[in-house]
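Model the placement of chain B on the given structure of chain A, informed by the hints.
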Amino acid sequence: MAEPIRWDWIERHTDDITRLTVEHVQITAISVVLAVAIAVPLGVLVRNRRLPFAAAAGVSDVLYTIPSLALFAALVPLIGIGDTPAIIGLVAYALTMLVRNTVVGLQAVPAAVREAATGMGLTPRQTLLRVELPLAIPAIMAGVRLATVSTVGIATIAVFVGGGGLGELIWTDGIQRQLFLTPILVGTVCATVLALALDALLVLAERLATPWTRVRAAR
Amino acid sequence: MTSSTGPGATVAAGVLELREVTKRYARAGRPAVDGLTLTVPAGKVCVLIGPSGCGKTTAMKMVNRLIEPTAGEILIDGTDVRRLPAAQLRRRIGYVIQQVGLLPHLTVAANVATVPRLLGWDRDRTGARVEELLALVGLPAEEYARRYPAELSGGQQQRVGLARALAADPPLMLMDEPFSAVDPITRERLQNDFLRLHRQVPKTVVFVSHDIDEAVKMADLVAVMRDGRLVQFAPPAELLAHPVDDFVADFVGADRALKGLGLTRLEEIPLLPAPAITSGTAADAVHARVAAGDLAPLEGALLVVDGDGRPLRWLHRDRLSGTVPAGPPTVEPVLDQVSTLRDALSALFEANAAYGVVVDGAGRCTGLVGVHEITGVLRGPGAEDRVLAESRDG
Numbered sequence: 001m002a003e004p005i006r007w008d009w010i011e012r013h014t015d016d017i018t019r020l021t022v023e024h025v026q027i028t029a030i031s032v033v034l035a036v037a038i039a040v041p042l043g044v045l046v047r048n049r050r051l052p053f054a055a056a057a058g059v060s061d062v063l064y065t066i067p068s069l070a071l072f073a074a075l076v077p078l079i080g081i082g083d084t085p086a087i088i089g090l091v092a093y094a095l096t097m098l099v100r101n102t103v104v105g106l107q108a109v110p111a112a113v114r115e116a117a118t119g120m121g122l123t124p125r126q127t128l129l130r131v132e133l134p135l136a137i138p139a140i141m142a143g144v145r146l147a148t149v150s151t152v153g154i155a156t157i158a159v160f161v162g163g164g165g166l167g168e169l170i171w172t173d174g175i176q177r178q179l180f181l182t183p184i185l186v187g188t189v190c191a192t193v194l195a196l197a198l199d200a201l202l203v204l205a206e207r208l209a210t211p212w213t214r215v216r217a218a219r
Numbered sequence: 001m002t003s004s005t006g007p008g009a010t011v012a013a014g015v016l017e018l019r020e021v022t023k024r025y026a027r028a029g030r031p032a033v034d035g036l037t038l039t040v041p042a043g044k045v046c047v048l049i050g051p052s053g054c055g056k057t058t059a060m061k062m063v064n065r066l067i068e069p070t071a072g073e074i075l076i077d078g079t080d081v082r083r084l085p086a087a088q089l090r091r092r093i094g095y096v097i098q099q100v101g102l103l104p105h106l107t108v109a110a111n112v113a114t115v116p117r118l119l120g121w122d123r124d125r126t127g128a129r130v131e132e133l134l135a136l137v138g139l140p141a142e143e144y145a146r147r148y149p150a151e152l153s154g155g156q157q158q159r160v161g162l163a164r165a166l167a168a169d170p171p172l173m174l175m176d177e178p179f180s181a182v183d184p185i186t187r188e189r190l191q192n193d194f195l196r197l198h199r200q201v202p203k204t205v206v207f208v209s210h211d212i213d214e215a216v217k218m219a220d221l222v223a224v225m226r227d228g229r230l231v232q233f234a235p236p237a238e239l240l241a242h243p244v245d246d247f248v249a250d251f252v253g254a255d256r257a258l259k260g261l262g263l264t265r266l267e268e269i270p271l272l273p274a275p276a277i278t279s280g281t282a283a284d285a286v287h288a289r290v291a292a293g294d295l296a297p298l299e300g301a302l303l304v305v306d307g308d309g310r311p312l313r314w315l316h317r318d319r320l321s322g323t324v325p326a327g328p329p330t331v332e333p334v335l336d337q338v339s340t341l342r343d344a345l346s347a348l349f350e351a352n353a354a355y356g357v358v359v360d361g362a363g364r365c366t367g368l369v370g371v372h373e374i375t376g377v378l379r380g381p382g383a384e385d386r387v388l389a390e391s392r393d394g
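Same order as they appear, the protein sequences are chains A and B. Sequential numbering from 1 applies to the first sequence in this note's numbering. Sequential numbering from 1 applies to the second sequence in this note's numbering.
Chain A with its partners taken away, still in its complex shape (with noise of 0.2 Å):
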């Protein structure tokens, strides 16, 4: 292993993984979008109901405990190659999290605070919208933060079904075209990088969503 980093491969390469790097963002931040838009609303739904919360925590826990090369490999015949199998997978993977946590934050909500919006005269939707679900930010944006950061990793394998993405130079170029170490390395650096960004970034904007979260109590 004493194969010495080859920065000339890099700087022949910048544009290739720059390329890629924002194809992985792509990627990532589609599944990630996807499984909020199919989570939160799914989450609202069964909160309430044992049966259908059992139902769909246990459907994504199943999906979670598919090894993902093989959940990306079955996806395969069904729907071709390309990012789309990449990107089902993925967003089946992020839904565990976000379920769960969306139900958590909900659940969440004083029994108080619910009463008296509903005392107030706010309809069911309006409760919902302007109450619980911005009361359930924090547990919901630490599902998207462990979701995202998941994501930015698992994302390196859509390779293997076609996508593009950091899996491209840590499969394609460091092991099939075996260039070694130095594709490896870039691609993981950059996949790792990625994930503390994208999480820092997130953590911005929960903590601009949520300010009532960061005040002194009262005495």
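Just so you know, these hints were derived from the structure itself, not from any lab. Just so you know, not all the hints are guaranteed correct.
Said to hold, decoys possible - Pulled from the structure, derived: some chain B residues nowhere near chain A, Cβ distances all over 10 Å:
hint, residue
1, A32
2, R91
3, E151
4, G161
5, P270
6, V331
7, R342
To be verified - Where chain B lies over chain A, by a calculated footprint (3+ residues, C-beta under 8 Å):
hint, stretch
8, 113 to 124
9, 159 to 170
10, 206 to 215
To be verified - Each pair of labels, with its calculated beta carbon distance range:
hint, chain 1, residue 1, chain 2, residue 2, range
11, A, A197, B, R196, 56 to 66 Å
12, A, R19, B, D122, 43 to 53 Å
13, A, R214, B, N352, 42 to 52 Å
14, A, Q126, B, E68, 15 to 25 Å
15, A, A108, B, R196, 35 to 45 Å
16, B, A28, A, A73, 53 to 63 Å
For glycine and all other residues, C-beta sits at the position ideal for the given N, C-alpha and C.
Here is chain B on its own, set in the frame of chain A:
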């Protein structure tokens, strides 16, 4: 009389009528509320009271349809509450609950503005109303409007809850044990402030309580409930003087005479004049007034007040020289003039003081009260007649 509506106050709307209202839950033996009929006149405070499970909270929640009755009808100013969609009805009824339920993600101002916003008021009107209400409940907007509920004490939170319920000026308010989650001192202050507020802006109030002393203090009419039924519906004086049966008598308690002190407020009895001296006055001038018989020290002591007449401290006249000192208020107890004699007596005992300083809503001294002034009401000539007369005209 404990009427909390001032003599000049007139209330146009807010008559609440319950007619044979019943709530039956599936699988429950007896109805939670069983044929409840009562009328609360506009601007009056009706306290629903009874042991837990008596149906008082259920009865209250049927008024704003948080619970739908199984049978019977509820009318506000003659209109059935089912005529409007529930959410619209609730925007016209103030609602205050024990746990307050402020929306934690919204500022104090936004919380108070909840119902005006639902009603589509414009920003200027809403903003002005919020400022007015926060001032009314003693939380000036410039200091509190931008805070979040978590930054307030329990008592302050309930003040915001009260302001929020009053925001759209509803003729009717429902209050579910609003003051029972705070400490006794805060509770008494909130009760007094509510009574004062109620005089300024009379509302029809349905107030659920489990505390007979609170009921006697707050109510124009007390509805005692048991097992879903109305046992007695009467002004507090009549309830204390003539409980209809052993259940009510037990509930009211053996110390009915003492509770009677809860019927009279400090402002209704003759007070001792306070030997007040304003801080900053020359001591010579004070001594001259004492010598002239213009100022009568109480057991040698004088009461120092600030420029606005707010009490600061007791000072023995022998220790007075130079000018009357200022300093932080240390005098105890200071009693709100809307406090009941019962509250006042207990405050005197608690502070181990012979005299309490009575103040008005602005905190200005209006006189002194001692145990004699309070018990004098009980022993005074015709005390029994007075209670009976009150219960008749209640």
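Going through the hints against the structure:
1. A32: Check passes; 17 Å lies beyond 10 Å.
2. R91: Incorrect as stated: the minimum Cβ-Cβ distance to chain A is 4 Å, not above 10 Å.
3. E151: Its Cβ does come within 10 Å of chain A, the nearest being 5 Å, so this is violated.
4. G161: The claim breaks: G161 (chain B) does not keep its Cβ more than 10 Å from every Cβ of chain A (closest is about 8 Å).
5. P270: Per Cβ check, P270 (chain B) is outside 10 Å of chain A; nearest 40 Å; holds.
6. V331: V331 (chain B) clear of chain A: closest Cβ-Cβ about 24 Å, beyond 10 Å.
7. R342: holds, 29 Å
8. 113 to 124: holds (count 11)
9. 159 to 170: It is violated, with 0 qualifying residues against the three required.
10. 206 to 215: holds (count 4)
11. A:A197 with B:R196: 56 to 66 Å: holds, 57 Å
12. A:R19 with B:D122: 43 to 53 Å: Holds: the Cβ-Cβ distance is about 52 Å, inside 43 to 53 Å.
13. A:R214 with B:N352: 42 to 52 Å: Given about 44 Å between the Cβ atoms, the range holds.
14. A:Q126 with B:E68: 15 to 25 Å: holds, 20 Å
15. A:A108 with B:R196: 35 to 45 Å: holds, 38 Å
16. B:A28 with A:A73: 53 to 63 Å: holds, 57 Å
Violated hints, listed in ascending order, are 2, 3, 4 and 9; each of the other numbered hints is respected by the structure.
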